[in-house]
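S.K.: Per the working numbering, the very first residue in the sequence shown carries number 100; after that it's consecutive.
Some clues are possibly wrong.
[Stated by the list, open to error] With a cut-off of at most 25 Å between alpha-carbon atoms, the simulated BS3-like pairs for lysine-lysine come out as follows:
1. Lys178 - Lys119
2. Lys163 - Lys178
3. Lys119 - Lys163
Everything labelled a hint here was simulated from the structure, so no lab data went into it.
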Amino acid sequence: MGEILARELSGDLDIVMVRKIGAPGDPEFAIGAVDENGDLLLSPFSGGGAFGNRAGGGRRGTPKGELSVIRERRRLWGKGRPASLLVALPVAPGRRWTGSAPWPTGSSASGSRRTSGP
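Using the sequences and the hints, build the whole thing.
M.R.: Set out below in structure tokens:
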């Protein structure tokens, strides 16, 4: 799908890397995400302060730990080239997204809105 979109829009195809931040004590329950710039976006329902010291350290599941995973994957998958400034088009089965989000930004969802329909 990405190759088709890139070709039709005469654009480049790249990977937008983000990692889920799980809730303390329940790592499968997402409370936020971190992007390649290290920008952290937490859910307003995450409890903010309950996040505590998870931002520190390099353990997997912490923002710093997940950022390390992103950087290692960019190094391996990007073949030495840095992430490009790009427009991300989120595509999800059963959802239609309109708008676009400049990447990298503090929030990969800025400028996008979900609409109903396929």
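S.K.: If you draw a straight line from the CA of Lys163 to the CA of Lys178, is it 25 Å or shorter?
M.R.: holds, 22 Å
S.K.: Decide if the proposed pair is consistent with the structure: Lys119 and Lys163, CA atoms, cutoff 25 Å inclusive.
M.R.: holds, 12 Å
S.K.: Holds or violated: Lys178 with Lys119, Cα cutoff 25 Å?
M.R.: holds, 24 Å
No hint from the list above goes unmet by this structure.
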